[in-house]
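K.L.:
One-letter residues, chain by chain:
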Amino acid sequence: MSAALSAPPAEDEALEALERGDRKAALTVLMRDYGATLYRYCCKMVGNNDLAEEAHQMTFVQAYEGLARFAGRSSLRTWLFGIARHRCLDAAKIARRRSRRFELVDELPESPDEAEVAEDELAGRDLRQALGRCIDKLAPAVRTAVLLRYQQDISYPDMAQICKARPATLQARVARAMPVLRRCMENQGLRL
Amino acid sequence: MNASMSREERFEQVGLLQIEQGEALGDDFAHPELAATRRTYGALRQALTTVGEEASPPAGWEARVFATIARRKSARRRGGWLRLLIPAGAAAALAALLLVGTPPGPDEGVATLTVRVEAGAGPARRGSEAHPGDRLRLEARTGDAAHAELRVYRSDRELVLRCSTAPPCVRQGQTLRADVPLPALGTYQSLLLLSDSPLPAPAGTLDADAGSALEAGAHVTLGDEVSVQ
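Going down the list, the protein sequences come from chains A and B. Going by my numbering, the first sequence opens with residue 1, and the numbers climb by one from there. Going by my numbering, the second sequence opens with residue 193, and the numbers climb by one from there.
FYI, nobody ran anything at the bench for these hints, they're computed from the structure. No experiment lies behind these values; they were computed from the predicted model shown. The beta carbon of each residue, even a glycine, is placed where N, CA and C say it ideally should be. There's no promise every hint is true.
Derived list of chain A stretches under chain B, where covered just means 3 residues or more per stretch with a C-beta under 8 angstroms from a C-beta of chain B [as the list claims (entries may be wrong)]:
| hint | region |
| --- | --- |
| 1 | 55-62 |
| 2 | 68-76 |
| 3 | 146-153 |
| 4 | 157-166 |
| 5 | 177-189 |
Computed spacing ranges between beta-carbons, pair by pair [said to hold, decoys possible]:
| hint | chain 1 | residue 1 | chain 2 | residue 2 | range |
| --- | --- | --- | --- | --- | --- |
| 6 | A | I94 | B | P250 | 50 to 56 angstroms |
| 7 | A | A165 | B | E201 | 22 to 28 angstroms |
| 8 | B | E245 | A | E186 | 18 to 24 angstroms |
| 9 | A | I94 | B | Q238 | 28 to 34 angstroms |
| 10 | B | A408 | A | D90 | 32 to 38 angstroms |
| 11 | A | R128 | B | P250 | 19 to 25 angstroms |
For reference, chain B alone in the conformation it holds in the complex:
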């Protein structure tokens, strides 16, 4: 230790380390001359606990996490090679499109939401493009949730379906089904909301509605996205 070092400099070099190590400060550092310095560092440590306090995650972030999980899962199921051929964003969208109708895996828990596209004239099809005039067939496993609701959003901003027990929804036991027409171009994102308490009314956008449902304690399950072209 440099003999010419001031008491404050020694405190900064040795005393602060002792504090971080959880050790008692040496007698030299208890000197009244260092009272202001000790207070300054105490205030600094306190101020550090509040850094970034004003930051909070954007509304609906939890829904985006689950959407990303679903897309990555879909991409893995159908082969990651697609990602090498097309940009990541397009890969995620295409993977979701190709997987229309793929039932969720066993790790999805009680709640599942299966999405199928039924062609305008013909049987339900899997892994094919949807076109205007096709229909979306939703089938959800709801478990014992007191409140179950299906919603479909077009391009994340327009709520085109919301139902629970009234048509077009049909609830039988632990299954909830609905048929939805796909009249216009766009991406259609379906949502299953489960809760033991009443669900919050939708505002009309996917992020905001999924966020408010999660905040209200609801369980939110995203179905595969369908792109109508």
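The shape of chain A in the complex, shown without the other chains:
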């Protein structure tokens, strides 16, 4: 699990900088402590490295512009992921228009795709990469919920703030995605 939840010093340091009116210092702290983990989220959400990089960068640009108005109704990390979610969903839409490769959860293939289980490919396939490909196939709203919950180790109450949805809705999305991911992995010849 991510260690970011147990990293309040970053929050304190950034908030202290904000109290001094030093947005640049606050942003530097946020980039230092959350830059890498947010990048992981953007990459998996967007599925296109160039667009993910842009979404990641714009998240921090918009964070800088919004820091002066940060009201402290959530942690800075939750607030930052709220911005990232919007930027990454926008980028994912662009990526989808480009590739037309996303499918809704219910539309995931139930049988192995012969092209995907070629022996050569299976031999060198990393479980993590295979799982990443299965996540790519989830609908964006479901993918966000799964990534925030497990990749980012964010609680459901915080996810509710980020996604503007009820915790119960998000719990249901994640719970329904789990068998889909399992089948997808099995369809690629991988058993967890």
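Fit chain B to the supplied structure of chain A, relying on the hints for placement.
P.N.:
Relative to chain A, chain B alone:
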């Protein structure tokens, strides 16, 4: 619930939701028959924590964030209407060009970097084009940083100035100044680096050098970009 549903199917429909809700699993789901299924989902949850672990942001990304912030700020100061007339990339470059010499706003913190263009023969000018033979005048507020350095990169790839206390840099108290000739066409990006520990030596490209300075804990301030045409 469908009576013909298998125990595993019920687990997937109900048990997995209970797990997400943080509830204890019902007795039915503790059945030994489901041990392998529970292990599978436990392994899946664990695997999900590592997804994308190999991805890391490109070097120098923090500098690009600050550069974008500076450009957007400049564009707002001089009127967003320019963006309607010209493509976004050109707008950012032109906005930066027009703002040569504009002092940073009060929210910039202690470190500031002011960039002015001095015409080959004449006084310093603001908001005008630079031409070969003009000079760049840099003035930085360094605060109490033990190490302060000015750098200028041409077209992001060529380091044309690096100084701290030796000429052409002059440090007086909390101010660091330098004059730089602009002999060739290209875009000139100035950088102020502040740190309480020695700064890493430059490799010669803006992204890499700004990235390594940030990684070393330095404070990096970008000046407005100047385009010599």
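K.L.:
Give a verdict on every hint.
P.N.:
Verification of the hints:
Coverage of the region 55-62 of chain A by chain B holds. Counting CB-CB distances below 8 angstroms, 5 residues qualify, and the rule asks for three or more. Only when three residues or more bring their CB closer than 8 angstroms to a CB of chain B does the claim for the region 68-76 of chain A stand; here the count is 1, and the claim is violated. Interface restraint, the region 146-153 of chain A with chain B: holds (6 residues with C-beta to C-beta distance below 8 angstroms; minimum three). With 0 residues bearing a CB less than 8 angstroms from a CB of chain B, the region 157-166 of chain A misses the requirement of three and the coverage assertion fails.
Only residues whose C-beta sits within less than 8 angstroms of a C-beta in chain B count toward coverage, and the region 177-189 of chain A has 5 of them, enough to reach three; the restraint holds. Checked against the given bound of 50 to 56 angstroms, the beta carbons of I94(A) and P250(B), roughly 19 angstroms apart, lie outside it. For A165(A) and E201(B), the Cβ-Cβ distance of about 26 angstroms falls inside the hinted range of 22 to 28 angstroms, so the restraint holds. Checked against the hint of 18 to 24 angstroms, the C-beta distance between E245(B) and E186(A) comes to roughly 22 angstroms, which is consistent with it.
For I94(A) paired with Q238(B), a C-beta distance near 32 angstroms keeps the hint of 28 to 34 angstroms intact. Judged by the Cβ atoms, the range 32 to 38 angstroms given for A408(B) and D90(A) holds: they are separated by roughly 34 angstroms. At about 21 angstroms, the CB distance of R128(A) to P250(B) agrees with the hint of 19 to 25 angstroms.
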